[in-house]
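*Asks:* Chain by chain, the residues run as shown.
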Amino acid sequence: QEKVQQSPESLIVPEGAMVSLNCSFSDSASQSIWWYQQHPGKGPKALISIFSNGNKKEGRLTVYLNRASLHVSLHIKDSQPSDSAVYLCAVSEGGGSNYKLTFGKGTLLTVTP
Amino acid sequence: GPKVLQIPSHQIIDMGQMVTLNCDPVSNHLYFYWYKQILGQQMEFLVNFYNGKVMEKSKLFKDQFSVERPDGSYFTLKIQPTALEDSAVYFCASSLEGSQNTLYFGAGTRLSVL
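Taken in sequence, the protein lines are chains W and R. The first sequence begins at 308 in my numbering and counts up one residue at a time. The second sequence begins at 67 in my numbering and counts up one residue at a time.
No lab work stands behind these hints, which were simulated from the structure alone. Being a predicted model, the structure only gives us computed values, none of them experimental. Mixed in with the good hints, there may be bad ones.
With beta-carbon atoms standing in for the labels, derived distance ranges [unchecked claim]: (1) 162(R) / 310(W): 25 to 33 Å; (2) 349(W) / 178(R): 14 to 22 Å; (3) 348(W) / 149(R): 23 to 31 Å; (4) 81(R) / 389(W): 26 to 34 Å; (5) 138(R) / 361(W): 38 to 46 Å; (6) 93(R) / 310(W): 33 to 41 Å; (7) 334(W) / 80(R): 35 to 43 Å; (8) 323(W) / 83(R): 27 to 35 Å; (9) 315(W) / 69(R): 27 to 35 Å.
Yeah, the Cβ is synthetic: ideal placement off N, Cα and C, and Gly gets one too.
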C-alpha cells in the first residue's frame with residue numbers, strides 16, 4: 308500500500324513569493340506523481356503530473372521528481388491570493404482498469420495580499 | 067474543463083437508513099471512482115469501476131456498500147444500512163482511460179449519519 312506524506316501541513320506567504328511544497332512516497336516503482344489543487348467546498352483539480360526523474364515546468368508551476376530519494380516537490384512562482392488552497396500530492400498505482408490515485412493529507416497554502 | 071456533477075451536495079440521514087449518492091461523470095469517460103474523506107484526514111480510495119464491473123475495492127468498501135451505473139446514466143454509491151462511521155465527504159471521479167490519465171473530481175457529497 309503506497310504511503311504519501313506531505314510537508315509542511317500549512318504555509319502562509321506574501322503575494323509574489325515563491326512557494327515550495329514537498330511530498331514523499333514509499334514505492335520507487337510508483338508511476339506518475341500528480342499535484343491537485345482543492346479550494347474549499349470544491350473537488351480536487353489536477354494541476355500538473357510528472358513521470359520521469361527531473362523537472363517539468365508549466366506556466367508558474369515547476370515540479371521536481373527524484374525517484375531515488377522518493378521525493379517530489381511543487382514550486383509556485385509569483386504566488387497570487389487566488390493560489391490559496393489545499394495542495395494534494397497523489398501517486399498513481401495500478402494500470403488499466405486497476406488504475407487509482409493515492410493521496411497525501413495536503414498542504415494548506417495561504418497567500419496574503 | 068470537464069465537469070463531474072455530484073448530487074446532492076449534502077445528505078443527512080438516520081443511522082440504519084439507506085442512502086444513494088449520485089454522480090454524473092464526464093460524458094465520454096469510461097473509468098469511475100469513489101473516494102472518502104473524513105474531516106481532517108486524507109482522501110482515501112474506495113472503489114474503481116469499469117465496463118459495468120468493480121475492478122478494485124479497498125478495505126473501506128464494506129459489504130454494506132455497492133456501486134453501479136445502470137444504463138450509462140448516474141454512477142451511484144449506495145450504503146445500506148448506514149453507520150455513524152460512514153459520515154464523511156464522498157468524492158466521485160472519472161477518467162477517459164486507465165493508466166496515467168487525469169482523474170476529474172466532483173465537488174463531493176457531505177454525508178451526515180445521525
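*Asks:* If a hint holds in the structure, say so; if it does not, say that too.
*Replies:* Verification of the supplied hints:
no.	hint	result
1	162(R) / 310(W): 25 to 33 Å	holds (28 Å)
2	349(W) / 178(R): 14 to 22 Å	holds (19 Å)
3	348(W) / 149(R): 23 to 31 Å	holds (25 Å)
4	81(R) / 389(W): 26 to 34 Å	violated (40 Å)
5	138(R) / 361(W): 38 to 46 Å	holds (41 Å)
6	93(R) / 310(W): 33 to 41 Å	holds (35 Å)
7	334(W) / 80(R): 35 to 43 Å	holds (41 Å)
8	323(W) / 83(R): 27 to 35 Å	violated (51 Å)
9	315(W) / 69(R): 27 to 35 Å	holds (32 Å)
Of the hints listed earlier, those the structure fails to meet are numbers 4, 8, in rising order.
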